[in-house]
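Enquirer: Sequence:
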Amino acid sequence: MDRYLEFILNHYILSLAFALVTFLLLQEFFDALFRRFETLSPLLAVAKINDHNTIILDVREAPDFIQGHIEGAINTPLSKFSEHLPQLEKYKKNVLLLTCQTGTRANAAAKLLMQSDFKHILILSGGMSAWQDEYK
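According to my numbering, the sequence shown is numbered sequentially starting from 215.
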């Protein structure tokens, strides 16, 4: 035990980096473990859109949405998402596919929807960047 302590004291930067990386990996693991929504590749998203009554919510800001979006998508910017939640109540029984530019904002929106008791939430993995790469 004394050797571990000696190593940590002698190599505190390395030890701190190890602790930080371990913490981030554990955080990602537990976040994925307890997440109640799934991510889909663009190909699987197309299949889901075609097979089910899927509502597409694009949580990017309006200028980004205007530059290009999935056909039939509803623009609900994350910055105003809480204000739009009452209007989204009518879609509680539908499958919701969330997208943004890279997938980060869609995850935040999914967490807000889960807090409002939405059950069927999907996220486009890689966001519109992946969609545009796949379907140029």
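Take the hints with a grain of salt, since some may be wrong.
Dumping the calculated DSSO-like pairs for lysine-lysine here, alpha-carbon to alpha-carbon at most 27 Å [what the hints assert, rightly or not]:
| id | residue 1 | residue 2 |
| --- | --- | --- |
| 1 | 307 | 325 |
| 2 | 294 | 325 |
| 3 | 307 | 262 |
| 4 | 325 | 306 |
| 5 | 333 | 294 |
| 6 | 262 | 304 |
| 7 | 325 | 304 |
| 8 | 294 | 304 |
| 9 | 304 | 333 |
| 10 | 294 | 307 |
| 11 | 333 | 262 |
| 12 | 307 | 333 |
| 13 | 325 | 262 |
FRET-style restraints, in silico, Cβ to Cβ [unchecked claim]:
| id | residue 1 | residue 2 | range |
| --- | --- | --- | --- |
| 14 | 347 | 219 | 14 to 22 Å |
| 15 | 218 | 277 | 47 to 55 Å |
| 16 | 235 | 294 | 14 to 22 Å |
| 17 | 221 | 293 | 45 to 53 Å |
Just so you know, these hints were derived from the structure itself, not from any lab.
Glycine residues also receive a C-beta, built at the ideal position from the N, C-alpha and C atoms.
Enquirer: Each hint should be assessed against the structure and marked as holding or not.
Expert: Do the hints match the structure? See the list:
no., hint, result
1, 307 / 325, "holds (17 Å)"
2, 294 / 325, "holds (15 Å)"
3, 307 / 262, "holds (15 Å)"
4, 325 / 306, "holds (14 Å)"
5, 333 / 294, "holds (21 Å)"
6, 262 / 304, "holds (20 Å)"
7, 325 / 304, "holds (18 Å)"
8, 294 / 304, "holds (18 Å)"
9, 304 / 333, "holds (13 Å)"
10, 294 / 307, "holds (22 Å)"
11, 333 / 262, "holds (16 Å)"
12, 307 / 333, "holds (8 Å)"
13, 325 / 262, "holds (21 Å)"
14, 347 / 219: 14 to 22 Å, "violated (49 Å)"
15, 218 / 277: 47 to 55 Å, "holds (54 Å)"
16, 235 / 294: 14 to 22 Å, "violated (36 Å)"
17, 221 / 293: 45 to 53 Å, "holds (47 Å)"
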